[in-house]
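Protein sequences appear in the order of chains B and U.
Position 418 of the first sequence, counted from 1, bears residue number 418 in the working numbering, the numbering being contiguous throughout.
Quick note: to get the working numbering, add 535 to the position in the second sequence (first position is 1).
Think of the hints as simulated: they come from the structure by calculation, not from any bench.
Built from N, CA and C at the ideal position, the CB exists for glycine as well.
Treat the hints with caution; some may be incorrect.
[To be verified] Quick list of the computed label-pair ranges, beta carbon to beta carbon:
(1) Glu187/B x Gly622/U: 38 to 44 Å
(2) Ala261/B x Asp608/U: 22 to 28 Å
(3) Met632/U x Gln313/B: 58 to 64 Å
(4) Asp608/U x Leu426/B: 24 to 30 Å
(5) Leu203/B x Gly622/U: 47 to 53 Å
[Stated by the list, open to error] Listed below are several chain U residues computed to face chain B (Cβ distance under 7 Å; list not exhaustive):
(6) Met536
(7) Glu545
(8) Ile548
(9) Arg549
(10) Pro591
(11) Ile621
(12) Ile623
(13) Pro642
(14) Leu649
(15) Asp650
(16) Ala651
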Amino acid sequence: MSPQDLAAAFPPPENFRSIETLVRTLSDQASIGIFLSDPEGHTLYLNDRLRRMAGIPGTSTPGECWLNRLASEDRDLIATEWSEATGQGRSFSREFRFQRPDGSLRWVMAEAFPLRTDGAPSSGYVGMVRDITPRQLALEALHACEERYRSLAALSPHPIFVYADDAILFMNDAGTRLFNLPSPFLEGRSLSEFFPKEFLQDLPSAHPARGIEPAAAVERQFVRSDGTRLDVELIASQVTFDGHKAVQVLATDVTAQKDTAAQLRKAHKMAAVATLAGGIAHEFNNCLTAIMGFSDLALPLLVPDSRAHGHVQQVILASKRARDLVTQMLMFGRQAEGAKQRVSLDILLKETLRLLKGTLPDNISLREWIPGATNSIYADPTRIHQVCVKLLAHSELALKPDGGVLEVRLDNIHLDTSMNGHDLPLLPGQYVRLTVSDTGEEVSAEDHSHKLEPLFANLPAGTRAGTELARVQQIVSEHGGTLRATSTVGQGTTIEVYLPAIIIPGSVSAPEPPHEGASDFTGQKEFLAERDKER
Amino acid sequence: MPSVLIVDDEEAIRRLIRSTLEKAGYRVHEAADGKEGLSHYRQSPADLVIMDILMPDQDGLESILTLRQEFPDARIMAITGGSDMIGILNFLDVARMLGARRTLQKPFEMQQLLDAVQAEITR
């Protein structure tokens with residue numbers, strides 16, 4: 001309504017009183033606080049709303065300044081700014097707190113504007129004051145909540161981080177350790193500085209406040225700065241952090257779980273293979289029994305030295321080979337890495353010798369004495385196989401280039417406290433003894449004293465052979481046995497390996513060999529003949 | 536003439552052992568499984584029972600146990616082509632614990648069989 005219309009609507013002198021009533025009514029009913037002040041900022045009028053906000057009683061004089069009702073901590077600053085604004089005739093806008101007589105605080109937002117007409121100096125101020133206490137309390141609660149979150153998250157052993165767009169807003173110590181990131185000073189830095197794009201791409205996230213089920217965990221791979229690979233499970237959720245929409249991620253290192261699961265799958269597979277192998281071996285052994293047995297029965301029916309006789313003998317030999325192969329297959333097939341099991345050393349040794357025979361030069365003669373009834377040992381077959389290979393390799397090396405005899409013997413031996421000449425560091429009991437001898441060059445007296453440690457004959461220290469025999473001693477010791485090496489003038493070097501035997505109740509052991517000094521080759525002719533035939 | 540009862544589910548094995556033992560002068564009877572073997576022994580106890588371990592229905596271990604319970608003096612030799620392990624024990628170890636005095640792992644040579652049979656029967 002224009003001033004002219006107003007004048008027409010309310011004829012003087014009543015129009016002035018009507019305008020005043022209008023303004024007062026508007027002011028009293030307003031939902032905000034209203035005040036009027038003179039150009040110097042002294043309060044001329046306060047509406048009821050403002051009085052209630054500030055806790056100013058209705059009986060107070062209008063001249064009482066609303067500044068007097070400010071909380072003591074805010075008073076000086078607000079008073080200074082109000083004074084500056086009114087002094088310069090400019091607007092005023094500020095948030096501060098009133099402290100009411102009962103001590104309670106109200107947060108308000110005050111805005112005041114100079115009253116001017118046509119560029120003349122300000123004739124006073126009109127101000128509006130809004131009660132923003134609920135908003136401010138909410139903000140304070142939010143900050144307190146965030147502080148609690150930060151404290152809990154910082155201490156949590158579970159890796160947690162929060163990001164918005166490409167910026168890291170928060171990451172706890174567990175997170176920096178997991179991802180091997182520099183800590184602190186991560187907040188504010190770019191995500192892409194530390195994480196590849198695909199790591200956090202398309203993460204499903206839920207908003208917990210909306211009551212939606214938590215997002216499903218997603219598995220991702222991460223490569224740390226030191227090159228180690230991690231399998232990480234991520235669960236993301238939408239959060240408000242420091243007033244920003246953000247994503248909170250809980251990370252779990254599942255690398256070990258996956259490794260364990262993989263090992264378990266491998267173990268199950270090996271167990272299944274072992275079971276299958278066992279079943280096949282059973283059927284195979286039945287077949288071999290028939291092949292060997294009927295060949296045995298057929299042999300006497302054939303003319304000796306006839307071709308048919310020779311063929312059937314080969315069938316028998318091949319069957320025996322197949323028998324040993326089945327045993328080896330089962331031995332190594334059921335083995336978990338490094339695990340010990342019952343091992344028939346004679347079968348292992350025969351296979352090793354069979355492979356060696358093909359590589360020995362003509363000037364090295366191999367002799368073996370390996371009865372089939374040797375006690376079993378409890379060992380890792382792979383490592384015991386290494387022992388056999390290394391001992392034979394050592395003796396072969398000692399016989400080169402001049403040649404000689406390489407002898408291998410396997411027997412059961414009982415060690416007791418009364419055994420003559422025995423100073424082995426072993427408890428009394430049953431052992432399996434593997435003896436590998438060579439007729440290599442004699443060893444000088446000073447080298448003899450170096451036989452045991454490290455175990456090399458006349459080889460320079462640090463040579464591969466010396467290292468290999470040291471490894472043999474280590475493996476034998478780990479299996480509860482011991483190793484003894486001797487060198488005799490004119491007879492070469494003998495290495496004996498003693499391994500604890502497994503004695504099963506009711507089992508029958510092979511007979512013990514004659515004592516040393518007796519003819520060791522008596523009764524071996526059959527073995528030698530057999531070996532020569534094979535060669 | 537000593538008698539031997541062969542209990543094995545493989546016909547070829549039974550035939551092989553029969554041929555070998557009859558040639559050596561033994562009287563041989565056959566059974567294809569543990570139940571049949573026990574039934575035969577109850578009717579006519581043999582001087583030696585050669586018992587295979589892995590057989591369907593009633594296996595050799597169960598048969599050995601039952602046989603020794605009913606006939607404590609029965610002479611039993613266990614044979615098997617199986618090689619399953621229970622720790623460090625195999626089937627033949629268990630058979631010995633149950634009362635089989637001798638054991639042979641298949642495949643064996645016929646001379647081994649003859650030596651074992653003779654040693655057990657003349658014990």
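Now for the hints, and whether the structure bears them out:
The hint said 38 to 44 Å for the Cβ distance between Glu187/B and Gly622/U, and at roughly 58 Å that hint is violated. Separated by about 55 Å at the C-beta atoms, Ala261/B and Asp608/U break the suggested range of 22 to 28 Å. About 38 Å separates the C-beta atoms of Met632/U and Gln313/B, a value inconsistent with the hinted range of 58 to 64 Å. The beta-carbon spacing between Asp608/U and Leu426/B, approximately 41 Å, falls outside the hinted interval of 24 to 30 Å.
Taking 47 to 53 Å as the suggested C-beta distance range, the pair Leu203/B and Gly622/U conforms, at roughly 50 Å. The restraint placing Met536/U at the interface with chain B is violated, with a minimum CB-CB distance near 20 Å, outside the 7 Å limit. Taking 7 Å as the C-beta contact cut-off toward chain B, the hint placing Glu545/U at the interface holds, the least distance being around 5 Å. Annotation: interface hint on Ile548/U holds; nearest CB of chain B at approximately 6 Å, less than 7 Å.
Among the interface hints, the one on Arg549/U is violated; its C-beta lies about 10 Å from the nearest C-beta in chain B, farther than the 7 Å criterion. At a threshold of 7 Å, the smallest CB-CB gap from Pro591/U to chain B is about 12 Å, leaving the interface hint violated. The beta carbon of Ile621/U is not positioned within 7 Å of any beta carbon in chain B (closest approach about 10 Å), and the interface hint is therefore violated. For Ile623/U, the interface hint holds, since its Cβ comes within 7 Å of a Cβ in chain B; the closest pair sits about 4 Å apart.
Satisfaction of the interface hint for Pro642/U is found here, the shortest Cβ-Cβ separation to chain B being roughly 4 Å, below the 7 Å cut-off. About 10 Å separates the beta-carbon of Leu649/U from the nearest beta-carbon of chain B, more than 7 Å, and the hint is not met. Here the hint on Asp650/U is broken, as its CB sits about 12 Å from the closest CB of chain B, past 7 Å. Taking 7 Å as the C-beta contact cut-off toward chain B, the hint placing Ala651/U at the interface is violated, the least distance being around 10 Å.
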